[in-house]
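These protein sequences, in sequence, are chains A and B. For what it's worth, the working numbering labels the leading residue of the first sequence as 143, then goes sequentially. For what it's worth, the working numbering labels the leading residue of the second sequence as 8, then goes sequentially.
Please keep in mind that the hints were generated in silico from the structure rather than gathered at the bench. Watch out, some of these pointers could steer you wrong.
In silico lysine-lysine, DSS-like type, Cα no more than 27 Å apart, as pairs [to be verified]:
1) A:K199 <-> B:K63
2) A:K199 <-> A:K155
3) B:K33 <-> B:K77
4) B:K77 <-> A:K199
5) B:K33 <-> B:K63
Computed footprint of chain A on chain B, listed as stretches where at least three residues anywhere in the stretch have a Cβ under 8 Å from a Cβ of chain A [stated by the list, open to error]:
6) 35-49
7) 106-118
Computed from a prediction, not measured in an experiment: that's the story for all the values here. For each residue, glycine too, the CB sits at the ideal point set by N, CA and C.
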Amino acid sequence: KAGVTQTPRYLIKTRGQQVTLSCSPISGHRSVSWYQQTPGQGLQFLFEYFSETQRNKGNFPGRFSGRQFSNSRSEMNVSTLELGDSALYLCASSPAVGVADTQYFGPGTRLTVL
Amino acid sequence: SQQGEEDPQALSIQEGENATMNCSYKTSINNLQWYRQNSGRGLVHLILIRSNEREKHSGRLRVTLDTSKKSSSLLITASRAADTASYFCATDATSNDYKLSFGAGTTVTVRA
Chain A
143 KAGVTQTPRY
153 LIKTRGQQVT
163 LSCSPISGHR
173 SVSWYQQTPG
183 QGLQFLFEYF
193 SETQRNKGNF
203 PGRFSGRQFS
213 NSRSEMNVST
223 LELGDSALYL
233 CASSPAVGVA
243 DTQYFGPGTR
253 LTVL
Chain B
8 SQQGEEDPQA
18 LSIQEGENAT
28 MNCSYKTSIN
38 NLQWYRQNSG
48 RGLVHLILIR
58 SNEREKHSGR
68 LRVTLDTSKK
78 SSSLLITASR
88 AADTASYFCA
98 TDATSNDYKL
108 SFGAGTTVTV
118 RA
């Protein structure tokens, strides 16, 4: 099976812009989670989607949003970008809801905000 | 917020030696997982240990869990250059609505 894919792999934006990142889970996986990784804060949970419903959300401002489509593909959007949003954004999928299952991570999208 | 804290932050060992890293966490957990990350890429799942388990093995990996001390250790035996990576523990807890919470990670360098 193909692994989790994320597009684009690298992105450069300027402050105030918005960005959309895409994640395609492993075929058959219905749960998709998003994480932000920065040197200062480490890996932080953003949100989890299962069957097109947001099941859980981390402590991030409303500028961070996401959605999941009927084919389990997911997108996350960050509006009004700030310098502090520069990070590696990781998507992970699993067969079932909840994180007790193994999470299969994609390679990440490196976002740089100038 | 991070539930797990890894110790040490960095570790440098010779090829063939064993590497041990520890993870401590704050609240009662359901499961604890270890992941590996190579140079800013995606994470790879290594092993999952449930709260009612005390030890688990997978190849050259050995994980222990001590729920009374709220700590876990990951041992990599007979290390190889390919083991050079950052290692993270991740916990999920009912009190945190099952969100996966990662520690800061241990960076392991294996010298040839």
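Hint check:
As the CA atoms of K199 (chain A) and K63 (chain B) are separated by approximately 31 Å, the hinted pair breaks the 27 Å bound. Between K199 (chain A) and K155 (chain A) the CA atoms are separated by roughly 25 Å; this keeps the pair inside 27 Å, and the hint holds. The straight-line distance between the Cα atoms of K33 (chain B) and K77 (chain B) is roughly 7 Å, inside the 27 Å bound, and the hint therefore holds. Restraint check for K77 (chain B) and K199 (chain A): satisfied, since their Cα atoms lie roughly 25 Å apart, inside the 27 Å limit.
Taken as a hint, the K33 (chain B) and K63 (chain B) pair is honoured in the structure, with Cα atoms around 21 Å apart against an allowance of 27 Å. For the segment 35-49 of chain B, the stated coverage by chain A holds: 7 residues have a C-beta nearer than 8 Å to a C-beta of that chain, and at least 3 were required. For a cut-off of 8 Å, the count of residues in the segment 106-118 of chain B with a CB near a CB of chain A stands at 7, and the three-residue condition holds.
The structure fails hint 1 only (numbered hints given earlier).
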